[in-house]
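J.: So you can see what is in the structure, the chains are spelled out below.
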Amino acid sequence: MLAVDTMKKLSFSKFIADGDLVIVYERHDTMKAVNVSDGSVFQNRFGVFKHSEWIGKPFGSKVYSSKGGYVYLLFPTPELWTLVLSHRTQILYIADISFVIMCLELVPGCLVLESGTGSGSLTTSLARAVAPTGHVHTFDFHEQRAASAGEDFERTGVNSVVTVGVRDIQGLGFPDEFVGRADAVFLDLPQPWLAIPSAANALKPDAILCSFSPCIEQVQRSCETLTKKFTDIRTFEVLLRTYEVREVKTNTVPGHGDISPMRLPRKRRQTTDGDIEQDEPHAAVVMAKPSGEARGHTGYLTFARLKCFV
Amino acid sequence: MSLCDSHSSSSPPKDNRIAWEGCSVLLDVNDGDRLVFARLTSASTLKIGKKNYSLLPLIGCPFGSEFQVDGSKLSRALPSAEVDNVQTNGDSELRDEIRDNREIVDNNKAQGLSGEDIEVLRSQGVTGNEIIEALIANSATFEKKTAFSQEKYRLKKQKKYAPKVLMRRPFTRSICEAYFLKYPDRIGHLRVDTLSLLLSLANVSTNSDVVVVDMVGGLLTGAVAERLGSSGYVCNMILGKKPHTMDIVRMFNFSDDVCQRTLRSSLEDFSSAEDDTFDELTRESCETDTIADVSCLSTINDSIMKEDSGAPSPDKQVPRACKSTKAGNNASKELIESWKKNGFSSLVIAAPERDPWIIAKDLLPLTAYSAPFAIYFQYLQPLANCMHNLQVEKMAIGLQITEPWLREYQVLPSRTHPCMQMSAFGGYILSGTRIFSPPLPTPES
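So the protein lines, in turn, are chains D and U. Numbered per our numbering, the first sequence spans residues 1 to 310. Numbered per our numbering, the second sequence spans residues 1 to 445.
Check before you lean on any hint, since a few could be wrong.
[Stated by the list, open to error] If you anchor each label on the Cβ, the simulated ranges turn out as follows: (1) Glu116(U) - Gly180(D): 28 to 38 angstroms; (2) Ala147(U) - Val166(D): 38 to 48 angstroms; (3) Asp38(D) - Val392(U): 53 to 63 angstroms; (4) Asn329(U) - Asn44(D): 44 to 54 angstroms; (5) Lys152(U) - Glu244(D): 40 to 50 angstroms.
[Stated by the list, open to error] With a straight-line cut-off of 30 angstroms between C-alpha atoms, the simulated DSBU-like cross-links for lysine-lysine are: (6) Lys340(U) - Lys8(D); (7) Lys204(D) - Lys341(U); (8) Lys159(U) - Lys8(D); (9) Lys57(D) - Lys159(U); (10) Lys228(D) - Lys144(U); (11) Lys204(D) - Lys228(D).
[Claimed, not checked] To give an idea of the chain D side of the interface with chain U (calculated C-beta under 10 angstroms), a few residues: (12) Thr6; (13) Leu10; (14) Ser11; (15) Lys50; (16) Phe75; (17) Ser125; (18) Ala129; (19) Pro197; (20) Asn201; (21) Leu239; (22) Leu240; (23) Arg241; (24) Tyr243; (25) Gly292.
Hint data in this document are derived by calculation from the structure and do not stem from the laboratory. Using N, Cα and C, we set each Cβ at its ideal position, and we do this for glycine too.
Chain D with its partners taken away, still in its complex shape:
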């Protein structure tokens, strides 16, 4: 996933090889992470796909099953990974992730502490932001979950910049070796206020802490603790609204019950974005509307900068 060396980066001459991780894209809400293995097959409702036929094709290729169904094979990115990873816990999604990375002011070379690791959705993006010279130390008190996350990081190849530790950060705080060394700390804990004093010790002056909490009561308590050593304490909520785009074939203004009413697009046979049947393009109008359903709440993000005492 990360081009820690330039050989691994995406290019026109980057072909799928045995052992590569690919994201199998059926449609925008149906994707799967698959490790290409010469003798294996991938199976879905469109048929059986032989991995051997994938090898040597460029990333981004459309590949066919024995039955003529198709999928696309995409180069893995943290964004795609967030959509396909196995949920062992509630995970962070792109809007929160992007905002956290931006507000933590992460750049290559930074040292970041995270707890808990959870399913590693954010960790992958933290790793991307600090690679190749920085490092993410992520902690979870759940041994099995930490181990699974570690396996995932190896699979996605971010393990060179991520270390997973098993530790109860709320109870024990961050390890002493990090005192005064961290450029950023991210907390996603049920009682973040218990970890804040230790986070303050770990952070460099003026470095930023972020705490993610679903409930406002957690935020309230965290902010009270933060005022002791932090400044610039700000709490945000960030959400995304998605839009549906449709081509509507019509000879009249939509919405007016005329003789030739608006025809909504037919259900597509295989709903892949690539394929839209067009008959009279001159009579078609492209329209957009917000999707009917959306995530209404994920969590509150509280950011704070450690005061400069020296």
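Chain D is fixed; fit chain U onto it per the hints.
T.: Okay, now just chain U, sitting in the frame of chain D:
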């Protein structure tokens, strides 16, 4: 005009959390009342009220330091190690506040001190904080106010009589927030959460070669360069004849290495073999862009920052010692050849005045297969058309239009609620992934 050029050779030292001579800083006066970009030199000053203060005392202090007016100079105000008294003292009181505003009458008679009285105090060398205490002591209504409004009163007086200056690091976040607050037009109203999404959706990561169309003053170019650090390249693509301004890039304290990786090239360099279908219209609008950009971007608050007043105008300086340290040089032929051969790793477009489809159809083919891209636009319909065209032309999948929504909260004991003011709109983003389309379509059974 610009204050940055003459000092752009001052590469950050190892510990870039301490302000050094020649570095760029963002000065936050009175909690965001004023935001000023400045470069720390022996000659630079900041105007507060009617007086100019030298910025020399800021050099050598850590970013995040707060300064206060101390006589005729700025001096550092160390935070007390004690608990912030506002929140904790107030806590128990506020939970069962008995006072309210029934006895507050707005008749302008509450303050016993006159303007002249205050001037006299000032001329006697009384500090700002002492003046505030005097104002409180002479206020007939202060004791009747609720603790919360007492705090508000104190804050209002502090801003006037004891102004504070916070020295922030110029990072993508602070730069974007500052412009969005003060000059949103110059960055195409690109909100910080929207910008953060662009960077994520375009997978800006180590060793990437990112092509950007930046008509947001260089904010996007700088943001991408900041993420890339000392690896990869950001290619600021010129559409038309004249380059789009990227003045904001100079606000970042980029090392020489990062500057050398922040390059420009022209779309024409990539289409040399193909026919040039560039229309005059785009060219014209580009020129107007550039003219508008001449207005000084380097000071975000018009009234202030007479920087480098002693130094000759950097525009006219003849020999530039290290030309290479300036971001925005033209990409070399070899580099352009390698981009043509390998394709860019991703594409980000923030061109508020251009049809996104016109740009995307030319630039997306320059990206590698499976490359992600993100397009920012303030209007929905052109993005919807762009998305539709990309589908019809089978250029991309995973297409989605999203609109970020950002709300800030006031969190205080017993007084937590969303902030009264919010930005209602952060623009739209069209994102997706380029796909490989074989020259001959495979027949579908």
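J.: Next, verify each hint and record whether it holds.
T.: Now the hints, each set against the structure:
Our hint of 28 to 38 angstroms for Glu116(U) and Gly180(D) is violated, since their Cβ atoms are close to 51 angstroms apart. Checked against the hint of 38 to 48 angstroms, the C-beta distance between Ala147(U) and Val166(D) comes to roughly 45 angstroms, which is consistent with it. Evaluation of the 53 to 63 angstroms hint for Asp38(D) and Val392(U) yields a failure: the beta carbon distance comes to about 36 angstroms. The hinted range of 44 to 54 angstroms is satisfied by Asn329(U) and Asn44(D), whose Cβ atoms lie roughly 49 angstroms apart.
For Lys152(U) and Glu244(D), the Cβ-Cβ distance of about 45 angstroms falls inside the hinted range of 40 to 50 angstroms, so the restraint holds. Straight-line distance between C-alpha atoms of Lys340(U) and Lys8(D) comes to about 18 angstroms, which keeps the hinted pair within the 30 angstroms bound. For the hint pairing Lys204(D) with Lys341(U), the CA-to-CA distance comes to about 43 angstroms; that exceeds 30 angstroms, so the pair is violated. Annotation: proposed proximity of Lys159(U) to Lys8(D) is violated, straight-line Cα distance about 54 angstroms (limit 30 angstroms).
Proposed proximity of Lys57(D) and Lys159(U) is contradicted: the alpha carbons are some 64 angstroms apart, above 30 angstroms. Note on Lys228(D) and Lys144(U): the hinted pairing holds, with a Cα-Cα distance of about 28 angstroms set against a maximum of 30 angstroms. Annotation: proposed proximity of Lys204(D) to Lys228(D) holds, straight-line Cα distance about 16 angstroms (limit 30 angstroms). Residue-level restraint check for Thr6(D) holds (minimum Cβ-Cβ distance to chain U is 5 angstroms; threshold 10 angstroms).
Of the supplied interface hints, the one on Leu10(D) holds, with its beta-carbon coming within about 5 angstroms of a beta-carbon of chain U, less than 10 angstroms. For Ser11(D), the interface hint holds, since its Cβ comes within 10 angstroms of a Cβ in chain U; the closest pair sits about 4 angstroms apart. About 15 angstroms separates the beta-carbon of Lys50(D) from the nearest beta-carbon of chain U, more than 10 angstroms, and the hint is not met. Among the interface hints, the one on Phe75(D) holds; its C-beta lies about 4 angstroms from the nearest C-beta in chain U, closer than the 10 angstroms criterion.
A distance limit of 10 angstroms between C-beta atoms decides the matter here; for Ser125(D) the minimum to chain U is near 7 angstroms, and the interface restraint holds. For Ala129(D), the shortest C-beta to C-beta distance to chain U is roughly 7 angstroms, which falls under 10 angstroms, so the interface hint holds. Using the Cβ-Cβ criterion of 10 angstroms, the hint placing Pro197(D) at the interface with chain U is not satisfied: the shortest such distance is roughly 13 angstroms. Restraint check, Asn201(D) versus chain U: the minimum CB separation of about 14 angstroms is more than 10 angstroms; hint violated.
This hint holds: Leu239(D) has a C-beta 5 angstroms from the nearest C-beta of chain U, less than the 10 angstroms allowed. Interface hint status for Leu240(D): upheld, as the beta-carbon distance to the closest one in chain U is roughly 5 angstroms, under 10 angstroms. Interface restraint check for Arg241(D): the shortest CB-CB distance to chain U comes to about 5 angstroms, inside 10 angstroms, so the restraint holds. A hinted interface residue such as Tyr243(D) counts as satisfied when its beta carbon comes closer than 10 angstroms to some beta carbon of chain U; here the least separation is about 4 angstroms, so the hint holds.
Taken as an interface hint, Gly292(D) does not check out: its beta carbon lies about 15 angstroms from the nearest beta carbon of chain U, beyond 10 angstroms.
In this structure, the earlier hints numbered 1, 3, 7, 8, 9, 15, 19, 20 and 25 are contradicted, and the remaining ones agree with it.
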